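Heads up: the protein sequence lines correspond to chains A and B, in order.
Each residue of the first sequence is one higher than the last, beginning at 1 in my numbering.
Each residue of the second sequence is one higher than the last, beginning at 1001 in my numbering.
Bear in mind the hints are in silico, worked out from the structure with no lab data behind them.
Since the structure is predicted, the reported quantities are computational estimates derived from the model, not experimental observations.
Each residue gets a CB set at the ideal place from its N, CA and C atoms; glycine is no exception.
Some hints could be false.
[Unchecked claim] Computed footprint of chain B on chain A, listed as stretches where at least three residues anywhere in the stretch have a Cβ under 8 angstroms from a Cβ of chain B:
#	segment
1	30-38
2	150-164
3	167-178
4	187-201
[Stated by the list, open to error] Chain B stretches covered by chain A per the calculated footprint, using a threshold of three residues with CB under 8 angstroms from any CB of chain A:
#	segment
5	1116-1128
6	1183-1191
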Amino acid sequence: MLTKRIIACLDMKDGRVVKGVQFQNLREAGDPAECAGEHARNGADEIVLLDITATSANRRTLLDSVRSTARTLFVPFTVGGGIRQLEDASAVFDAGADKIAINSAAVREPELIGKIAGRFGSQAVVVAIDAKRVERNYRVFVAGGRISTGRDAIQWAQETANCGAGEILLTSMDRDGTQSGFDCELVRAVAEAVSIPVIASGGAGSPRDFIEVFREGRADAALAASIFHFGIENISQLKRQLHDAHIPVRWPC
Amino acid sequence: MIAIIDYGAGNLVSVKKAFAYLGAEVVVTNQPAMVAAANRIVFPGVGHFSALQALDQNGLRESMLQAVDAAKPILGVCLGMQWLFEGSEECSAIAGSAIFPGKCAQFPASVKSPHVGWNSLAIQDGSRLLKGIPQNTFVYYTHSYHAPVIAASTATSEHGRQFTAAVERENVFGVQFHPEKSGGAGLAILKNFCEI
């Protein structure tokens, strides 16, 4: 039976892993290769590395980090941040990523999804969507959550799937870093609107939150960063609790 | 030397990296002469079945079939495994190698497709490739089409229906999952292949 994935996310700034609350107030947590290896040993089903301050100036730093992280990592490895064109994606794949995540660039140029999928396969293209509740709807934000696009998050998710996205990484900006639980309503709305896997992100704080997002939110995978980095929730213990709650997970692993 | 076939589809870095980690000498190539020189062949692949068209254009199909005749160990991964069958509903214009009978098909509408993530293996006794791999081991998949369960299937997984997770006959091996992305169990499978 296909299991629900627990994904550890490393937010990286200038080659170091950091984590903020609601995209701000960054705290440092370590070396990306070391963090990734530790998460994988603890049972993370997948690793995501997001360069949250990606600029052309530190592109070399990102590629170096990808290379050193990928070297001894044998679980799926997704990299995002600053990928604006096919060439950027190619360089990240060459450095050892299995999937790339694109966000702002996909909004600006939806054809980019198909271009990368055409060359590397849909399974290698994750479209990251940062969604925030605005009145009764969820709106898509870009540029690290700074700019509203006015787009509806559910419609945009469907559009990316039609363009060739292989998975959707859906972050609730309202919940990001708060450890107050995933936005199950948002996740479910997107998961029911697309056939590709949806990775829920933003708000993980306790095992109960994961159980809810898999049951109520219909998520295929759940991603968390801060709770894993600071040792609040051990991934292997989390998976045991999910297993005990009859959520299918890769455990023992 | 292990030749990893590069037919222009997808990303071969992970496969190469995993074999290099195991200490194997690997070369990524699209040259039939290199395939002929290798003593083991890995045929990876992700994406659409139509990508396999490139095999016919540069003589790789012929060189791989020669390697099969010469009893060199061959490992097809994901789309590479599907090529070992007769073909796929995904692209009926492209023929597989028909080393194994049956055609690859889509998953039933009752389950999500693509099938992405970790799923468990039901392993048959006697597989050389899966030697030492415990029953119910989890491996990582990402695919939309699957091969039918046949007599040569050595492991199956379930997603809406049972499908072939691994297949082998003599020195021809195929896995639908990605051993290079399946943690320690995946590395153990690749190590088995290196030692066949």
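(message) Using C-beta distances, would you say chain A covers the segment 1183-1191 of chain B, given that this needs three or more residues below 8 angstroms?
(response) holds (count 4)
(message) Tell me whether the statement that chain B covers the segment 167-178 of chain A is true, taking a Cβ distance below 8 angstroms and needing three residues at minimum.
(response) n = 1 at 8 angstroms, threshold three: violated.
(request) Examine the segment 1116-1128 of chain B: at least three residues should have C-beta closer than 8 angstroms to a C-beta of chain A. (result) The restraint on the segment 1116-1128 of chain B holds, since 5 of its residues have a Cβ under 8 angstroms from chain A and three suffice.
(message) Three residues or more, CB to CB closer than 8 angstroms: is that satisfied between the segment 150-164 of chain A and chain B?
(response) violated (count 0)
(request) Mind taking a look at whether chain B covers the segment 187-201 of chain A? Criterion is 3 or more residues with CB to CB distance under 8 angstroms. (result) holds (count 3)
(request) Apply the coverage criterion to the segment 30-38 of chain A and chain B: a residue qualifies when its Cβ sits closer than 8 angstroms to a Cβ of the chain, and three qualifying residues are needed. (result) violated (count 0)
In this structure, the earlier hints numbered 1, 2 and 3 are contradicted, and the remaining ones agree with it.
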